[in-house]
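Visitor: Letter by letter, the chains look like this.
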Amino acid sequence: MDFVLNFPFFSIMICMLAALSTFMLGKRAAAVVAKAAVFITLILSIVLTVYLHECGESFVYMMGHFPAPWGNEIRAGELEGIMAVFTCVISLLSLTAGSASIRNEIDESKQNLYYLITCLMEASLLALIYTNDIFTGYVFIEINTIAGCGLIMIKNSGRAIASAIRYMVVSLVGSGLFLIGTTLMYSVTGHLLMENIHESVMGLVADGSYDVTLTVITALMTVGLSIKSGLFPFHLWIPDAYSRSVAPSSSMLSGMVSKGYIFLLIKIIYRVIGFDVYKASGVFNIIFIAGIAAMIMGSVSAIRSKYLRRMTAYSSVSQIGYIFMGIGIANDAGAVAAIFHIITHGLTKSLLFLAASSFTGKKEDIKISDLKGMGHKYPLSAATFTAAALSIVGFPLFAGFVAKMLLANASFTEGWKMYAAISAIAVSTILNVVYFFRCIINLYAYGGFDGKDENNGTLDLKSDTLIVTGYERAIHAVSISALAVLNICIGVAPKLLSDIITKGLNVFD
Amino acid sequence: MSLNGKDKKRYYTVYRIAGALLVLILAASLIFCMFDLPGLFSADHPGENVVAERYIENGIEETGAVNFVAGMILDYRAFDTFGESNVLFAATICVMVLLLSQKPSNGKERCRKDTDTAEDVVSETTEIEEIEPLIARNDVILKTVAKFAIPFILIFGIYVILNGHLSPGGGFSGGAIVGSGFILSSVAFGFERMEIFLNKKSAGIITFVSLLIYCLAKSYSFFTGANHLESGIPLGTPGNILSSGLILILNICVGLVVACTMYSFFSLLRRGKI
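Taken in order, these protein sequences are the chains called A and B. Its first residue numbered 1, the first sequence is counted upward by one per residue in my numbering. Its first residue numbered 510, the second sequence is counted upward by one per residue in my numbering.
Calculated directly from the structure, the hints in this document are not laboratory data. Note that beta-carbon positions come from the ideal geometry of N, C-alpha and C, so glycine has one too. Check the hints yourself; a few may be wrong.
To be verified - A few chain A residues facing chain B, derived, Cβ under 7 Å: (1) G71; (2) L116; (3) F140; (4) I146; (5) A147.
What the hints assert, rightly or not - To spell it out: a stretch of chain B is covered by chain A in this simulated footprint if at least three of its residues, at any positions, have a beta carbon under 8 Å from a beta carbon of chain A; those stretches are: (6) 711–720; (7) 727–734.
Said to hold, decoys possible - Capping the alpha-carbon separation at 25 Å, the derived lysine-lysine pairs in BS3-like fashion look like this: (8) K710(B) / K27(A); (9) K377(A) / K363(A); (10) K517(B) / K306(A); (11) K782(B) / K710(B); (12) K27(A) / K782(B); (13) K362(A) / K35(A); (14) K306(A) / K367(A); (15) K377(A) / K362(A); (16) K279(A) / K503(A); (17) K306(A) / K362(A); (18) K27(A) / K517(B); (19) K279(A) / K363(A).
Okay, chain A solo, but in the shape it has when bound (with noise of 0.2 Å):
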């Protein structure tokens, strides 16, 4: 066996242990510590990612000394390892651009717990991805939700545990539902490993039996799995949780920890119900629509909305929207488009939630029309900002464009859908000009105090502005345009990631 198949194992385990020692260190080691582990993680995962495109192949890994279907194991494709990499990179770009939010907003007892956090969400999220085994995903998401909810009430504000509180109830009805789901469908196979429940259900599709539980079973997980990611009916965590909480937990939340969850699902369809025994209970309309109602819908709420990190959160209900819709497809297009878009949405949004955190200093949140003259006191993360707005837009040379391209394309062998698809992509493109729009023109004009409202005005955002050092504003602008330069390579180079998930979902089932 070589010795890179052992990656993922470490991966895990080093973010674990990592998490295990900021427990005793003080805040600033175990900011070093924190940050080592993921950088750790990324290589790992890049140098796996790398062999597993050259092989072109999956391999499952022996937790212990029992094979598979008595032991646990983990799986890992080019898939898992692209997602693997893509999470590392947001985590570590967060922690890094957000250490002058951290080290503001946080208690100086709980700093290290945040980082502690941040690490078990990193193992969890990469245990999620790897998993090969339905049970041992329902236990790294009971992780995932806990360290979620510590992310959010981590920021000592009544506001941030009242959401904290609102996010515990809906993710905790979600995992709830998934794990009925999972326990129905160990009583209809008897199996808990994704490869022995797929050819059980496979028999029992042939036999014919229990195909009204079957369907039980895959809309439980699926509708457990969407109220975690936050899909449009269930989505009204999504603004409180993404605004009151601190800038690099919002930009973890929405960029990488909903979409593990969706990580999952796909993982459910392809590897443990089976496309097509899932194409044929007619979810895949379902998530169809709810798709294009939460496309149409959050971007609704999102020019409704008169603040700037909160209009954001409701674009992320947009985004996840445009991914689901992906999924809804039901083709291997679809689903490639959808992972396309959960890596640039993923990048895109933390990149728009670490750039406001330049505009909103202190404050939990700013108006989109004090935003005035911003450009120009903060011209890096005003332009990054800017990037990523015109990315969620769809701007060519930007990744959100290939992503919304490719959804377009994987629509148009599917009948109605391709209609539906194509016009909700041009309605939700529109209504995301008129929000990102109205920031960007906010961003650049001049004037800034307009005399009017006496109380919001720019120059009262002095008393407000974040004690940052010169290394942290050096470390953020870094991070910042690393995300930007990301966003940009995937635009314009699309090919390589494409290809990577193509061929991961190939040898997915």
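Go by the hints and put chain B onto chain A.
Guide: Same frame as chain A, now just chain B:
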């Protein structure tokens, strides 16, 4: 979006009816599925397959644990249990994040360093008494019963932990028993006496060291297992107290973590610090 009172009421009614309908639909479909499911104790239940067979037939020789459940959760499916103990760890951290925010003594401690006179110390202890008015300080019945009960509770807890691989129980349940002993002791004799050996520092060190041992031990066994190396850990004779390889050590680690977690939850909820 501002709603006047009447509209709000109407919305609430709609939400309630919709919520009730949703719950009813969910319940109906689950009940339907329940009747559709295979009988739990029938021989043709899908769960009665190769997996369960091997756990029961080869469990003892492969893991060395007479208690199948311990062998299953700590050896066969150890990765799940590792995740599960991290759930506990994450929960502890989140409770700390939430409850450490309301620490009433933080400001005073700083004051005490500045002034450091005897009067301040005295006033602080009285204030602590005010914060903990519910602690029974002179309850003779409670103290007497606690004096008798606590040793038995602790010994029973330790017994359950140490015999986790031989009899029902193990780290999670035994740790909960030990933790309840700690809680009883702190209720009867006050937190100050518990703090002598279980304070923030020692609880942190115990949790850290046990989870570290757990993490390293399991990493070793995962690594050797996946690379098809011999682990070199003797399984011993099944039935002996020193048997079943790592399971005993893991049970002790889990038990310590659970005991500390139980006590620190209680302490955090009671007074905002460990």
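Visitor: Hint by hint, which ones does the structure fall short of?
Guide: 18 and 19
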